[in-house]
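Modelling step: build the complete structure from the supplied sequences, incorporating the hints.
Chains A and B, in that order, are what the protein sequence lines are.
The first sequence runs 1 to 229 under this note's numbering.
The second sequence runs 1 to 417 under this note's numbering.
I should point out that these hints are in silico values taken from the structure, not numbers from a laboratory.
Positions of the beta carbon are idealized from the N, C-alpha and C atoms, including for glycine.
Take these hints with a grain of salt, some might be off.
[What the hints assert, rightly or not] Residues of chain B placed beyond 10 Å of chain A at every Cβ, according to the derived structure:
#1 Glu-12
#2 Met-198
#3 Lys-233
#4 Glu-271
#5 Asn-273
#6 Leu-304
#7 Lys-312
#8 Leu-346
#9 Phe-404
#10 Glu-411
[Claimed, not checked] Some chain B residues judged to face chain A by a derived CB distance under 10 Å, without partners named:
#11 Gly-11
#12 Gln-193
#13 Pro-197
#14 His-242
#15 Ser-305
Here is what each chain is made of, one letter per residue.
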Amino acid sequence: MTLSCRFLGRVPYAQAAALQERLVGLRRSGASTDTLLLLEHPPVVTLGRGARAGHLLLDEAALSARGIELHEAGRGGDVTFHGLGQLVGYPVVALQGARRDAHRYLRDLEDALIGTAAAFGVEAAREPGLTGAWVGRDKLAAIGVRIGTGWITSHGFALNVGDDLSGFDTIVPCGIRDRGVTSLTRETGATPSLEEVARVAADHVATALGLAAVWEAAVSSASARRESA
Amino acid sequence: MRVDVVMPQMGESIAEGTITRWMKQVGETVGRDEPLFEISTDKVDAEIPSPAAGTLVEVKNQAGETVPVNQVVAVLETDASAAASAPKPESKPPETKPAKAQPAAVASEASSEGSFVSPVVRKIAAEHGIDPSSVPGTGAGGRVSKKDILDFVAQGKPPAAAATPSTAPARVAPAAPAAPQVTFASGARTERQAMTPMRKKIAEHMVESRRTSAHVHSVFEVDMSRVVALRTKYKSLYEERHGTKLTLTPFFVKAACDALRAFPILNSSVEGNEIVYRKDLNVGVAVALDWGLIVPVVRNADQLSIAGLTMKINDLAERARTKKLLPDEVQGGTFTITNPGIFGGLFGLPIINQPQVAILGIGGIEKRPVVIDDAIAIRDRMYMSMSYDHRVVDGAVADQFLAFVKKVLQEFDESLL
Chain A
1 MTLSCRFLGR VPYAQAAALQ ERLVGLRRSG ASTDTLLLLE HPPVVTLGRG
51 ARAGHLLLDE AALSARGIEL HEAGRGGDVT FHGLGQLVGY PVVALQGARR
101 DAHRYLRDLE DALIGTAAAF GVEAAREPGL TGAWVGRDKL AAIGVRIGTG
151 WITSHGFALN VGDDLSGFDT IVPCGIRDRG VTSLTRETGA TPSLEEVARV
201 AADHVATALG LAAVWEAAVS SASARRESA
Chain B
1 MRVDVVMPQM GESIAEGTIT RWMKQVGETV GRDEPLFEIS TDKVDAEIPS
51 PAAGTLVEVK NQAGETVPVN QVVAVLETDA SAAASAPKPE SKPPETKPAK
101 AQPAAVASEA SSEGSFVSPV VRKIAAEHGI DPSSVPGTGA GGRVSKKDIL
151 DFVAQGKPPA AAATPSTAPA RVAPAAPAAP QVTFASGART ERQAMTPMRK
201 KIAEHMVESR RTSAHVHSVF EVDMSRVVAL RTKYKSLYEE RHGTKLTLTP
251 FFVKAACDAL RAFPILNSSV EGNEIVYRKD LNVGVAVALD WGLIVPVVRN
301 ADQLSIAGLT MKINDLAERA RTKKLLPDEV QGGTFTITNP GIFGGLFGLP
351 IINQPQVAIL GIGGIEKRPV VIDDAIAIRD RMYMSMSYDH RVVDGAVADQ
401 FLAFVKKVLQ EFDESLL
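Encoded structure:
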């Protein structure tokens, strides 16, 4: 089985959400294969279904004054931030057999993120009781997923790559107060391009899910817009 | 045949799930594998498909409840005739007839005889607990279009009606006796006017609330001098900095949130013999309209600063008056604030907004002479009332709650502005 991977570049949150929704429908009807979308979002704070009071430090107007959008997301988890220099991955995959286990799926994504970090020389790990990939007490990658009818996945992960993490100041990441955030650049001093990280991450996600990554011709964000329209 | 819907096990190590949303309401039909409800388990949200085609006849757990896996959360009736006549499913003898091929579709067509109701309209209607036949239709042959029902929902629907399942069997009080049939002879000096949908909804909602809750009332007097002074002091700054008019409402919402956190029973609901504590503080703020009344809801009001509350409340009130509220914005309230004092009333004794258990009434503020340290002073005074449901809230708790609100108002923290 193959995982068809696409790097979409910069895509606004709402547009990516619509695109995912469409892909979930296509995957469910069998009209498309398992797909992994890789992209970055313009600055946005998203609230998962589990979002708790007080984890948003600024109200919508104050966020908007800083050029940050606010969206509700139909995924698990608390509040999170996406911005430039962060690789976001949305696997739209029909889980099969023993992989139809929500916790196993989370652990598989964590494996993929830890493997990706290792490829860039960063030693990340799981934290007992928490989700995501961590370097010491700092979060390198966040996970929040949705499983739709037919065990079709959507939403996914966000791996911090670039140096600018200031957007996280507007939230309490994932509702965990006493911890910080970090990125591949913070840990190594080198800044790989997002596309470079995307290629490595795609291989690791595919392996973790028992699939083979196949790259589709890079889609520019302009044609992504057409697709989601 | 009745089919149980259980909380599915989403993974080997997962023992429970929290229901986040029902996509179908009691009485609605659902196809096999059509999404029925959504759950969340730590970092995963999942959409749960229906195990069979049929009519949803009972929902045992509402959104927000956490349920162990394999527990029954709802019941489907796969037999159309049984479902059609099953507003009180538990009183039906078990059906043994084999299910027909497409019972669901048959039932829904039959129920809407006469006027055609499209599936999308039916779905929206069911989501909001509205009888589609009560919606004025502007389409061909008086058909109700999607726009009609959305307009109806946005303008006419009192809040929280959808949260009270129409078939809830747990109501403690007996049904009200039918209103006496008063007939005015035709030709008498009267004029008849059909109630607007909003009027009808308000009427049903208020009577239902009186029948459901054991209303009790407390009234406190509050010294508003400090809040009035703070408002005067910050008014122009808010105009300048936030482009919005600072009113007194955000002060009340803030004080209520603090008190609700201290006395969470006031932020609860009653379901059967259980008290459901609601973790979010979604505060409804009543807005009087020329054509009725609507209660937009400030979600997670405790997350917002005074500036944030001011902007949010002003925006909601403005859009309530221009009929631009979204259906979502009048639902899910957990506590309500209303202001019977705007026309000079001393205080009011409002009716609880179901399925909530308390409503705070803000009386008019006026300067009154009061005795402070044996001297007569002139202060801004206000009566603040609360109606609460004595089924779950006792007078002592209600009074402590009000005393808390009073203290927050009288000693209002200026740094919050």
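Verification of the hints:
1. Glu-12: Not fine: 6 Å to the nearest Cβ puts Glu-12/B too close to chain A.
2. Met-198: 28 Å, holds
3. Lys-233: Lys-233/B clear of chain A: closest Cβ-Cβ about 21 Å, beyond 10 Å.
4. Glu-271: Since the minimum Cβ distance to chain A is about 21 Å, Glu-271/B lies beyond 10 Å and the statement holds.
5. Asn-273: 28 Å, holds
6. Leu-304: 5 Å, violated
7. Lys-312: Not fine: 8 Å to the nearest Cβ puts Lys-312/B too close to chain A.
8. Leu-346: Holds: least Cβ distance 34 Å, greater than 10 Å.
9. Phe-404: Non-interface label stands for Phe-404/B: nearest chain A Cβ at 18 Å, farther than 10 Å.
10. Glu-411: Its Cβ never comes within 10 Å of chain A, the nearest being 22 Å, so this holds.
11. Gly-11: 4 Å, holds
12. Gln-193: Nearest chain A Cβ about 41 Å off; hint violated.
13. Pro-197: It is violated, given that the least Cβ distance between Pro-197/B and chain A is near 29 Å, above 10 Å.
14. His-242: 7 Å, holds
15. Ser-305: 6 Å, holds
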